[in-house]
Every structure is written in structure tokens, then in C-alpha cells.
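Asker: So you can see what is in the structure, the chains are spelled out below.
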Amino acid sequence: MSTNTEYKGVWVVGEQRKGVIQAVTYELLGKARELADKLKCEVSCLLLGVNVKTPAQELIFRGADKVYVVDDPRIEHVLEEPYARIVSDLVSRHHPEILLCPATSLSRSVASRVAVGLNVGLTADCVELDINPEDRGLLMTKPVFGGSYMTTIISRNHRPQIATVRQKSMKESVADPQRKGVVEILALDESFFASRTKVVEVVDEAASTINIMDANVIVSGGRAIAKAENFKMLEELAQVLNGAVGASRAAVDEGWIPYSHQVGQTGKTVSPKIYIACGISGQIQHLVGMQSADTIIAINKDASAPIFKVANYGIVGDVFEVVPQLIKRLQNL
Amino acid sequence: MNIIVCLKQVPDTADIKLDGVTKRLVREGVKSMINPFDMYAIEEALRLKEKLGGKVTALTMGPPQAETSLREAIALGCDEAILVSDSAFAGADTLATSYTLSCAIKKIKDYDLIFCGKQTLDGDTAQVGPGIAGHLDIPQIINVRKIQDIKEVQVTAQRMTEYGYDVIEAQLPCLLTVVKDINVPRLPSLKGKMKAKSASVSVWKVVDIQADEASIGAKGSATEVLKIATPPARPQGKIFEGEGAVDQLVETLKGLMK
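Residue numbers (our numbering), protein chains in the order written: chain A, 1 to 333; chain B, 1 to 258.
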């Protein structure tokens, strides 16, 4: 354990896919900038991948003072061993006090290996971050039990403090093309890239639709949707709202829609701006996956369905009447 | 193929309570169950054993009452069950938990695969599985939705991503965390239930797993809970009714989308 004062700076591990920096990186940079301004220190960002040298400049515009780039075909895809090795090495050499990573599934997996390797704390899936002015410590707030409770976690004696941050929970930083900073391209030796796992194929499913973790709007269907074909109606609604389609466990178990769309306890936890629950009764197992959405809209025949207890707006009615009308009106706007 | 399944006893979602004083979850007198994702881990381990032979060991860290979850695992078909339980383990965060479980796994020693559920429903961290792999210095494949192939030295599996899935090859021994898509868990058989009643569950304490005292429990944890609270209540919802209901909803959506 080292003394905390040797550690300075807020770091962000950027996320890219196929050479395109993902929005969550800018969300993290926005928060990192805010934290760093409170701490009066610099923001650094790591970017790992292939063909990422050019996009790296954007990270400066978005709030980083320094960007470390590792551009190598061997890390085109996320593999925990090389990723964790590279991040850990940089952290050990530069001693940031805070390290923020996206709470995407692969980034969480990497972060966990980094934290174990460095023997430091890691807080998963934070939705609020702040600085305790008394000791510069990071206050990490995260939902537990799928948002039934909020807990604030601290890491008193270990640095860096590592947090993974839920997508859509922080505001993206705005690009300022005048911002100056340093992009450092790192050349790492062979040993960093060793891996006992290998990606042999990458399969994008439903590539035309937005994935539900990134979506600002999610239109979800439950048991009342009654069959697979009826999800087309929800897809249409999602499309006019530029959103994605989600589903309750019941709909997935019936085979109406793939598991990757499932929201809830045994599916995904989402926090979009707008969540439209269509024919979903709102069992607790579903609510824990979506109750942290900014606005919840429920459409259900049953006025006593629990979904209306969490909904900001609702229509008591048949989804097969309400949704087509809704699509029509929205298309005519 | 020798397989270890890590599982956690969690309170039933519908039955969670918070102790007003300690700010910890009330574990006593609360209906508990095996963490839902861990049921898929158990099932996948059993299926591999049935195909390839070997044995399945169920492992958990928890208070003495976690034994009931291990007996459930035996009823489903696990061959052995180990409860890592000691008051010194209490208050562990994910760092200390994954360290403790890795010590127990080192003691078990002979394994090819470790299965964990994707995440637990109480902590929602998804950190312990990868953390165990880190402590053991073995590879991991997270969010596995299908095992395509398994050989003596290598496993090929589909890991679910936000966009679809990746096909990953990993050297054994390897740790896999699984998602719901991977299988449909079985129910315990009558024979299994009988076996579970009389089966012995090993209880391992700190000395048994030779864990470093400074790395376990609250002392070995790098994070602590400062506070826990219920989130602000959602405002009373507005129900749109009658003829103009859809129009009102459209107006609302327009406002929200701005």
C-alpha cells in the first residue's frame, strides 16, 4: 500500500469498436474533466485497438490533456490478458489517483483483472461520481439489487480508485477543436500481447438496430405481445423514436425475440432516457432491469399492473390499438 | 473433465431488506436462493460432466446457512460441495472475495474449468468471476452463451457482447461466466434430493485454504460502503385517458425527445 499523495490525475480507459471511439468514452471524459477540475489535476485517456491513432486526437478535443495510444493488430478485439497487462503497466508507471472504465461487459472484465493485479478496489457500474473535498477521495454511487437501493462506495487506502461507469449515466463532453493536449503513441514489446484467449470470429447480430445498452429510447414488449410477428410493431415504434427494442423475460422465454434483448434480472440492466413498456406487467424481476430509466411510459390493459407504479406516464389500453396509433402520429410529425 | 462451479446464496429479490443500523442486507430470516445466473453455471457443468466424465464441485463462500444452497447443487447432480465459511471472511468486497475463492480453488487444485454466473443479483458487479481468474492467473471467457467445442487443452465458446457475440478459443484451465441463453436448468430429481440430504458438505476455514489474513474479509477489502439508501421515489405517474390519450402521449414524447 502506498500513500495516497503519490497518486495524481484522473484517467479514462477509452472504448472503441472497429476504430470508432464509442460514446461512453466521451461520457467518461466529461465526468473525468469535472473531477479533475475539482482535484486540480490532469485528465489522461488510454486508447487501445487498431487504427486508432487518428481518432485519438478527438479525445483531446473532448477533455483529455494527454492520450496514450496503443495501436496494434493483436489488440484489435478486447482480450482480457493483454488489455489488463497494458492498463496495469501504465497505471503503475504514472500513478493516477482515479481510473474510470466503461461498465460495458468486456471493460468490466478487464477492469476486474486490473484491480486484482494491482490489489486495489474496484466499484462496478457507477451512476454518480464525486469528490470528497476533505480527503480527495472518490465517492462512487451505484445501484444494487437492480436499483432498489443506491450505495455509495469509497476506497480509503488504495490507489488508484477504479470505477466502471454505466453507459448513459454521465453527460458526453462537448468537443472543443481549440483544446490542446499531447497524444503519445506507445510502442510496447512482445510480452504485453501474450494471450491464452483468441478471438476467432466476431458476429454482429441485428446490426441495423441500436443495441439496447446504447439506446436513448427503448421500446419493450412483454407477454401481451403474444407472438414473434407482433414485435415488428414495436420495432416500428422504436424506429420512429430512433430507439431499440427490449423485452421481458416472458417474451424471450417464449422465443419471440432473442435473449440479447431481455431486460431485467437475468437479462440486461438499462437506463435509457425513455423506456416504453408495452404489455409488460412489471414483475420485480423486470423492474430491477429498467427502473433507473429517466422516464418510464407504460401501455397496458390492466390498470392494476405493477408497471404503473413506476411509470411516469401511462395509457391503460390494448397495446394493439395504442401502439399503431402512436406510430402513425409520430410518423406524421 | 473436472469442473468447479462457484455459486452464491442470495436473498430472493422480492424479499430484500436493509438493516437500518448496520446498513447491510438482512440475511437472517430472509428467503434465499441460489443466484439465478449460477443455476445456468451448474447446469452447464453437469452437462459437460455427463458428456465427458469427471466431477463437478460446487463452491461457495458465505455464512453457515449457505450450506442449503450447496445441498441444492448436490440435488441437481454436483458431486462435491465446499463451503468456505469463517467469521474472518465477513465484510469482503469483490477483491477479497475473489482472493478467498481463489485460495479455495488452489486447494481443490485439480480442475480444468471453473464456471460462474455472469453476475449476482445483489451486488450486480460481474467482478468476482474475472477476479478469480486474475488471482489464479488463468484465462477467462465472460458472458458465455454457448460452448461450441471442448478438448483436453482448449475450449471454444461464444461470448455475448453488446453487439452480438464473439467466438473465443481459450486454453484450459479457464474460467467461464455464463448467461441465461446457454441452457435450461434441470430440476432436482428425487434421487438427487435424497442424496443431498445425506451428503457431506466440507467447511473450510481460513487455515484450511491458507489464506493471507490481511487479504480476507473487511480487512482485505479495498472498498467499503459509505452509505446505502433507497433511491428517490419516482413521482406519481400520470395516466392519459379517453379519446385524446394517444395525442397527449405524443405531445409528452415530443417534449422528452427535445
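FYI, nobody ran anything at the bench for these hints, they're computed from the structure. Just so you know, not all the hints are guaranteed correct.
Taking lysine to aspartate or glutamate and the DMTMM-like style, the derived pairs with C-alpha atoms no more than 25 angstroms apart in a straight line are [claimed, not checked]:
1) A:Lys328 - A:Asp318
2) B:Lys146 - A:Asp204
3) A:Lys328 - B:Glu251
4) B:Lys106 - B:Glu162
5) B:Lys238 - A:Asp318
6) A:Lys309 - B:Asp137
7) B:Lys197 - B:Glu67
8) A:Lys66 - A:Asp37
9) B:Lys227 - A:Asp318
10) A:Lys273 - B:Asp124
11) B:Lys254 - A:Asp214
12) A:Lys38 - A:Glu128
13) B:Lys227 - A:Asp135
14) A:Lys309 - B:Asp181
15) B:Lys258 - A:Asp204
16) B:Lys151 - B:Asp124
17) B:Lys254 - A:Glu236
18) B:Lys219 - B:Glu43
19) A:Lys8 - A:Asp135
20) B:Lys151 - B:Glu80
21) B:Lys238 - A:Glu321
22) B:Lys51 - B:Asp124
23) A:Lys309 - B:Asp124
24) A:Lys198 - B:Asp181
25) B:Lys258 - A:Asp37
26) B:Lys106 - B:Glu43
27) A:Lys273 - B:Asp110
28) A:Lys198 - B:Asp12
As the structure is a prediction and not an experimental result, all values here were calculated from the model.
Asker: If a hint holds in the structure, say so; if it does not, say that too.
Answerer: Hint-by-hint comparison with the structure:
Using a Cα cut-off of 25 angstroms, the hinted pair Lys328 (chain A) and Asp318 (chain A) holds, with the two alpha carbons roughly 16 angstroms apart. Proposed proximity of Lys146 (chain B) and Asp204 (chain A) is supported: the alpha carbons are some 16 angstroms apart, at most 25 angstroms. Annotation: proposed proximity of Lys328 (chain A) to Glu251 (chain B) holds, straight-line Cα distance about 13 angstroms (limit 25 angstroms). Between Lys106 (chain B) and Glu162 (chain B), the direct Cα distance comes to roughly 33 angstroms. Violation of the 25 angstroms bound is thereby established for this hinted pair.
For the proposed pair Lys238 (chain B) and Asp318 (chain A), the alpha carbon gap of about 17 angstroms is at most 25 angstroms, so the pair holds. At most 25 angstroms may separate the alpha-carbon atoms for a hinted pair to count; Lys309 (chain A) and Asp137 (chain B) exceed this at roughly 47 angstroms. Note on Lys197 (chain B) and Glu67 (chain B): the hinted pairing holds, with a Cα-Cα distance of about 11 angstroms set against a maximum of 25 angstroms. For the proposed pair Lys66 (chain A) and Asp37 (chain A), the alpha carbon gap of about 15 angstroms is at most 25 angstroms, so the pair holds.
Taking the CA atoms of Lys227 (chain B) and Asp318 (chain A), the gap is near 43 angstroms; set against the 25 angstroms cutoff, the hint is violated. With a C-alpha separation of about 21 angstroms, the suggested pair Lys273 (chain A) and Asp124 (chain B) falls inside the 25 angstroms cut-off, and the hint holds. For the given pair, Lys254 (chain B) sits about 20 angstroms from Asp214 (chain A) by alpha-carbon distance, which is consistent with the 25 angstroms threshold. Simply put, Lys38 (chain A) and Glu128 (chain A) have alpha-carbon atoms about 15 angstroms apart, close enough for the 25 angstroms limit, and the pair holds.
Only pairs whose Cα atoms come within 25 angstroms are accepted, and Lys227 (chain B) paired with Asp135 (chain A) is accepted, the gap being roughly 17 angstroms. Among the hinted pairs, Lys309 (chain A) with Asp181 (chain B) is inconsistent with the structure: their alpha-carbon atoms are about 30 angstroms apart, more than 25 angstroms. Between Lys258 (chain B) and Asp204 (chain A) the alpha-carbon distance is near 31 angstroms, which puts this suggested pair outside the 25 angstroms criterion. Of the pairs offered as hints, the one joining Lys151 (chain B) and Asp124 (chain B) is violated, with about 32 angstroms between alpha carbons and a cut-off of 25 angstroms exceeded.
Distance restraint check for Lys254 (chain B) and Glu236 (chain A): the Cα-Cα separation of roughly 17 angstroms lies within the 25 angstroms cut-off, and the hinted pair is therefore satisfied. Straight-line distance between C-alpha atoms of Lys219 (chain B) and Glu43 (chain B) comes to about 35 angstroms, which puts the hinted pair past the 25 angstroms bound. A C-alpha spacing of about 13 angstroms is found between Lys8 (chain A) and Asp135 (chain A), which places the hinted pair at or below 25 angstroms, so the restraint holds. A hinted pair counts as satisfied when its Cα atoms are at most 25 angstroms apart, and Lys151 (chain B) with Glu80 (chain B) qualifies at roughly 23 angstroms.
In summary, the hint linking Lys238 (chain B) to Glu321 (chain A) is supported, as the alpha carbons are separated by about 20 angstroms, within the 25 angstroms threshold. Between Lys51 (chain B) and Asp124 (chain B), the direct Cα distance comes to roughly 32 angstroms. Violation of the 25 angstroms bound is thereby established for this hinted pair. Distance hint between Lys309 (chain A) and Asp124 (chain B) is fulfilled; the C-alpha atoms sit about 24 angstroms from each other, no more than 25 angstroms. The straight-line distance between the Cα atoms of Lys198 (chain A) and Asp181 (chain B) is roughly 22 angstroms, inside the 25 angstroms bound, and the hint therefore holds.
Between Lys258 (chain B) and Asp37 (chain A) the CA atoms are separated by roughly 29 angstroms; this puts the pair beyond 25 angstroms, and the hint is violated. Annotation: proposed proximity of Lys106 (chain B) to Glu43 (chain B) holds, straight-line Cα distance about 23 angstroms (limit 25 angstroms). Between the alpha carbons of Lys273 (chain A) and Asp110 (chain B) the distance comes to roughly 48 angstroms, so the proposed pair goes past 25 angstroms and is violated. The straight-line distance between the Cα atoms of Lys198 (chain A) and Asp12 (chain B) is roughly 37 angstroms, outside the 25 angstroms bound, and the hint therefore fails.
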